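Enquirer: Here are the chains, one letter per residue:
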Amino acid sequence: MSPEVLALYAAALGVKIPPERAQAAANGANAVLRTLARRAGTLRFESEPADYVVEIQRARQR
Amino acid sequence: MKNISQLSLVEVADMIRSRKLSSEEVTRACIERAQALQPKLNCFIALEVDDALAAARSADADLAKGVVRGPLHGVPLAHKDMYYRKGKISTCGSEIRRDWVADSDSTALARLRNAGAIQLGTLNMSQFALNPTGHNVHMGHCRNPWNTAYITGGSSSGSGASVAARIVFGALGSDTGGSIRLPASNCGVSGLRPTTGRISRHGAMPLSFSMDCVGPLARTVADCARLTGVMAGADPLDPTAAHEAVPAYEAELKAPVNGLKIGVPKGYFDHDVHRDVMKVMTECVAEFRSLGCDIVEVVMPELDSISAGFSVLMSAEAASVHAQWLRERPEDYMPQIRARLEMGIAGSAVDYLDALKMRGPALAEFCGSVFTKCDALLAPVASMPVPTIDETDVGDSERMGPVLGELTRFTRPLSYLGLPVLSVPAGFAGNGLPVGVQLVGRPFAEALLFRIGHAYQQATDWHTRAPTII
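Order-wise, the sequence lines are chains H and P. In my numbering, each number is its position in the first sequence, counted from 1, plus 3. In my numbering, each number is its position in the second sequence, counted from 1, plus 52.
Just so you know, not all the hints are guaranteed correct.
As the list claims (entries may be wrong) - Facing chain H, from chain P, some residues (calculated, C-beta under 10 Å): (1) Asn-199; (2) Ala-201; (3) Pro-308; (4) Tyr-320; (5) Gln-376; (6) Pro-382; (7) Asp-384; (8) Arg-392; (9) Gly-399; (10) Asp-403; (11) Arg-411.
These are computed hints drawn from the structure, not numbers from a lab. No experiment lies behind these values; they were computed from the predicted model shown. Just so you know, even glycine gets a beta-carbon here, dropped at the ideal spot from N, CA and C.
Produce the complete structure using the sequences and hints provided.
Expert: Dropping the structure here:
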């Protein structure tokens, strides 16, 4: 997300983020989001958040 | 006989119960120590002298009538100032909630109280639990009792400092990304991040719904086992609290550990680790070997994306929790806290859901890679010795990301996976500050972690070392 879009999106939420802060926030977030996207891109089509609950039980019972 | 302040929680509870000590004399001793050390450590936000003494006298009166309330009868504790008590202020370490009065009771606190515990006061913490160092300009920085120029770690800063300074016998912390383990490690005490859901979060300040955990810090693993046993279990007031049966943690402490497989990580947890921390790890591994454990090398799965998943979940959920105050009172946040919350706005709903969807497969992969090879994984809590307050006073500068990221590099991924992790003191770095290690288990394997940690503390004396601050 670009800093300009972040600032606009925040403004839509009613949160004011000045440009220099928006730049820092976007930089920090984008690095993390890129790393996440690499892994998320490998998820199977049917994945959903509830898979975690299933895996907790499976891991516990092994 | 040991001085009162040198006793563990289990020891002092047993002595009160057998009336070798009164709760009132124990509580007075804690209050005197708290008052003497507060100017140096700033670990309390509020010290509740009159209420604590009244509760101690009531506990003594009950004992005189043969009434034992529970396994914590008459034991003074204090807690991170984010656990609500109806009618009492809970600042959450913030200016925004400096005078906020809670309208309900935290389930964890209620269970401690029902087990007989006395609350000595509320403890300092990072603002809204969102900082791993313990810096807090509104409440004043909490200081490490081993050397007051150094950080306690956060966000449960006062919990780590007060237990390490032998002011209280145990304290509640909370752990979203390492907030129990870091202060425990930095201050030389034991601390448990339980399996997510093991202890009810009702009445605890939220930060990140998916990963927040309530847990204890105490002087020994056995103390943590007692506190966890009191608090764990289902709670109708918290639908996310697990319904799993609560084992008799203390009864299982003495089971043998020989033959258990302790995993030593190859990858991630051994990258860019300071030599002092590596030395502690090496000695710790040798100790487990001498206890009869099998030491096995375990190749770590890819954890950078797991760590990213943590960051996306936490920042989005925290931004949601704080959205109204970000709109209405942004100037009342510390700049660093505000900057971290603003990052949460940058992720989309799709990013957030990707981070949630990824947790199941990531947990399956981690458990498949790790717990098919070992019973528990042993890793450092942090990659470096405890830094100073000045070194980590980075505010919202460009150094914020790298410095905070490095401090939590070894704790974040385990939080995302929701696994139970026990932090125990394991030595000292060259700067004289404690170094902790973390034992990681399968979901709901707290009993096994306690057993392993207790065996380690029976063979070593790191947990008995106390700072000479008075």
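Enquirer: Tell me, which hint numbers fail for this structure?
Expert: Hints 1, 2, 3, 4 and 7 are the ones this structure does not satisfy, whereas the remaining hints hold.
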